Amino acid sequence: MAQPIRILTAVPICDGHDSAINTINLEFIRHGIEVVYLGYHRSVGDIVRAAIQEDVRAIGISSYNGGHIEFFAEVVDLLRKKGVDDIKVFGGGGGTITHDDAKIMRRKGVDEIFFAGTSLEDMVRFVHQRYGKPRGKRVKPKSADQELAHKLTEIEDSKKTRNAKREKGIVRSTRVIGFTGPGGAGKTTLIDELVLRFLNKGRQSRVAILSHDPSVIGEGALLGDRATMINSQNDRVFMRSMATRGQAGGLSPATKDCLALLARSGFDYVIIETVGTGQEAMPFQKNGIVDQTVLVMNPDYGSRLQLQKIVMLDLADIVVVNKSDLQRAKTAHTEIEQRLEQNRRKQRLFDTVAKRHRDPGVDRLFDLISGNAKRAHERRKK
Amino acid sequence: MSKLGSVVESVEKYNQFVVDQVKRARTDEKFGRDLLGRWNDIKAKIPTTRTPTGIPLPRLALPEIDEPGEIARYLFGEGLPGEFPYFNGAYREMYLEPLREVESLEKNGESKKSARKIAPAEEPTRLFSGLMLAEDTNERFHFLTAHQRTHRLSTAFDGPTLYGIDSDADGVFGKIGEGGVAIDTVEDMVRLYDGFDLGSANFSASMTISGPAPIIMAMYIAAAKRRFGPSVVPKLRGTIQADIFKEVQAQNETIFPIEPSLRFLTDMVEFTTREMPRWYPISISGYHIGEAGSTPVQQAAYTLSNGFAYAEMFAARAIPVDQFGPRLSFFLDCGLDVEYIALARVSRRIWAIGMRDVFGAGPKAQLYKLHTQTSGRSLIAAEFKNNLTRTAAELMLAYMNATNSCHSNSADEPFTTPSEEWIRLAAHGQAILLEESGIFKHTMNMLSGSPGMKAVERAVEAAILDEFREIERLGGVLAAVEERYQRSQIQNAAHKYEQQIYDRTRPIIALNKYRNGSDDIPEVKLVRTPRKKQQLQVDRLVKFKKKNAEKSKLALDKLAAVVESGKNCFPALLDAVEVCSLGQITGRLQEVVGRFRPMV
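Residue numbers (my numbering), protein chains in the order written: chain A, 1 to 382; chain B, 1 to 600.
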């Protein structure tokens, strides 16, 4: 079977009308399409950057606040300017986009505009027919990010695992940090807050994020982490969203190879985020490339006995109790601390409230991660 | 327990109180006799009016009951218009025309005196508008108010303004002046209301903006001061939406994280309730919740619970309830679902009971003062002239709820910012209902109290209280918002609504029923902002920034320091808007308190 079509959807800047796109996204993923959802109030720059990094086939824009002629045209223009006009643009806006507007928009390079009353089936059919054929020969990438994005697509779409070359002996300055934990613990928010600190600290450093979301029955997936990662929409961040495509355990069949590629692509940090995991998951055991693992937990993990069953509590280098403003957080801290002491591995335990701006707990976690990274880097140089 | 739990208890207790009064009226003979006496007294004092064809009618219609228990049920359970618990109206006479011919006057000198005292009411029509640049919207305002006694302006802002960014920001060209007016600086604000007497008792301005509301409020005050001097400030009348909860629950125009957003709001409310006693600093809005797809009950429940949460917050800041209570107002959507027949009536009653019995509010702070807008979502593009009928039916429902003011949508709204032709029809729709027809102008309670309406009222009240209990179980409004409770409920309802249209269990005429088969959008005159105008806005802004380059830096530093200190930052905002643009202020505040992280 052919690999799923990847598209990106977004709502333009200064527009918060996300109910149509939410419905459409769900319909797309039910029909085997992988949707990278960027969210509402998104700039042209954010949309095009994400489309390039995610190497999607097309961008679907849902616009209800006017200014669509300019906005769609700017997206098309910027794609051309960046040399990625193999990424196509389509969209709609209910009654706000008239037939005359649509004519102008098509002339400016938009593939299709859907009007009020278009059925969801028609939109799904359009995406399958228009963007479902295998890509022809790719144009030569115009930037390092594009080249990287193309390669990631190749890896993700090739049937065989390539068995990445053993990393041993290769000196790399990139630090790879793995984040895992149950769904809803706040991994994405925490990573985004750490990215903000990375960006503020070194003015040159670049960060890559490999983020995972589960594929649903029917093999589509809603890859929605970008929508909440407000700080990671930045030229110094390369982010790629991957669907698990049928593999259990929190990662995709192509993760290992993609991670290996990212780790040797000159980033200062590569962050990998698993899907929300269960108690038995140990997602980073096999890829041998993650330098440091972080388990992000929610204070609401159930009874104390549940802690004994969480395998990652034995394996993680750092455990974070996020949402530590919740009532239960203090108990959680104590119980987890005790659990970690049994391991005698000097695992570190942090309390954070990632949703809070400038949270001191996140600051401390960042100091540890970045300080470690520096020391490790120096060690390698010696 | 948050105060919402206490509100549920207070309503239950009040309902029990009514049951007890009914029982007492039937068993305690003296009590029953007194009630009957009071009832007869009330009836005797009702003036009579005459219809244009000469039929006499009472100015207030009451149920035909003479049994003390039923009288108790009516007086305590519903109340006369303008009396607790305000089921039948916040005020005594609402839309009644001035007395035409009053027979009882000749007999009773006392009511003659009171009849003369009735001031001409303000027209309840308040049409939402905003387009292109400040001067264009100003022209529209003058067009709309040309023949009105009172000038009640309602301002729509464009996307960049709603998100607190400047017209020269990256990627917003094309959005400038679309869907509302572009405001970047205090100078734009001066242009916007040019020619109107902002301090006059006949003028009020409403501004529909929430995320950057405190900044826009400061600009409005600064603009008024520039034109009329500092003495105008206590005279300013109007409303600013400033409803952060509903933004997070439904409308997505939030620019700071929730907690600092609420803090900036409270800073503003503390200032306006003290310095601008006639200003409504928050309009607690269900409209956008409804438009985002909620059920009518969800709309009413979230709006009320948001209101109680704000009240709790302001009280915690030590603003006296009788100071802020009368300055709260509400804004609801009115669609075609049958629940709308009583939504505002039920809301008014719950609010009054909760404010009185939980917050200790006096009568003025118990009033649920309501602006209604007909449903934009109910209007569709196919055979769009049907939208006139939809809006007319919704207006009828809104006025049956005794809304204090109302906006009727233009039929061309599915395509564009309304054009003058259709705005005029929308405004006339209200005039036809209130002035031409006799439905609302002769008699209060003309349509309330039907068995069907009562059935809806009971069902709606019970469903609202159930929603309150659920929110309370989640730890109150703020906790529920952070858990995305309301947001998920609304999205789920929206999805069901679409599904019903799709499977035709919800008929939408000319869309899924009686369709003529053509999908063409009819010719309508579109209102779009020409590029030249957009460029003008950018040029003016750049000039303003250049002129104030030095001063703005100092003002922003001062603002940031005050925000860090935790003190009320509204005075520093008032200074900042003199020399800084909206985007400059938003940007600096975001550095200090962070940006809002969308909930998806």
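FYI, nobody ran anything at the bench for these hints, they're computed from the structure. Remember, predicted model here, so these are calculated numbers, not experimental data. Don't be surprised by glycine CBs; every beta carbon is placed ideally from N, CA and C. There may be inaccurate statements among the hints.
[Unchecked claim] Quick partial rundown of chain B residues pointing at chain A, CB under 10 Å, derived from the structure:
id: 1; residue: Ala169
id: 2; residue: Phe173
id: 3; residue: Ile176
id: 4; residue: Glu253
id: 5; residue: Leu447
id: 6; residue: Pro507
id: 7; residue: Lys513
id: 8; residue: Tyr514
id: 9; residue: Pro530
id: 10; residue: Val593
id: 11; residue: Arg597
[Stated by the list, open to error] Simulated restraints on C-beta separations:
id: 12; chain 1: A; residue 1: Arg203; chain 2: B; residue 2: Arg504; range: 31 to 39 Å
id: 13; chain 1: A; residue 1: Glu121; chain 2: B; residue 2: Ala146; range: 35 to 43 Å
id: 14; chain 1: A; residue 1: Met282; chain 2: B; residue 2: Ala561; range: 43 to 51 Å
id: 15; chain 1: B; residue 1: Gly5; chain 2: A; residue 2: Arg328; range: 16 to 24 Å
For this session: With chain A as the partner, please determine if Tyr514(B) meets the hint condition of a C-beta pair closer than 10 Å.
Result: Since the shortest Cβ distance to chain A is 15 Å, the answer is violated.
Discussion item. Checking hints one by one. Is Ile176(B) an interface residue toward chain A, by the C-beta closer than 10 Å rule?
Written reply: 8 Å, holds
I want to verify a distance hint. Is the separation of the beta carbons of Glu121(A) and Ala146(B) within 35 to 43 Å? 50 Å, violated
Checklist entry - Can the hint on Lys513(B) be confirmed by a CB-to-CB distance to chain A that is less than 10 Å? => result 13 Å, violated
ask   = When the nearest CB of chain A is found for Arg597(B), is that gap smaller than 10 Å?
value = Hint on Arg597(B): holds, closest Cβ of chain A at ~5 Å, below 10 Å.
Cut-off 10 Å, beta-carbon criterion: hint that Leu447(B) touches chain A: 33 Å, violated
| request: Mind checking the hinted window 31 to 39 Å against the Cβ distance between Arg203(A) and Arg504(B)? | output: Given a distance of about 59 Å, which is not inside 31 to 39 Å, the answer is violated.
Item checked: Satisfaction of the Glu253(B) interface hint, Cβ to chain A closer than 10 Å -> 5 Å, holds
Against the range 43 to 51 Å, how does the distance between the Cβ atoms of Met282(A) and Ala561(B) compare: consistent or not?
Roughly 49 Å apart at Cβ, these two residues keep to the hinted range, so it holds.
### Query
Once the shortest beta carbon distance from Ala169(B) to chain A is found, is it less than 10 Å?
Given a least distance of 8 Å, the restraint on Ala169(B) holds.
*Are Pro507(B) and chain A close enough, Cβ to Cβ, to be under 10 Å, as the hint says?*
Check failed: Cβ of Pro507(B) comes no nearer than 15 Å to chain A, outside 10 Å.
### Restraint check, 10 Å cut-off on beta carbons, for Phe173(B) near chain A
Because about 6 Å separates Phe173(B) from the closest Cβ in chain A, which is inside the 10 Å limit, the hint holds.
When held up to the earlier numbered hints, the structure conflicts with 5, 6, 7, 8, 9, 12 and 13 and fits the remainder.
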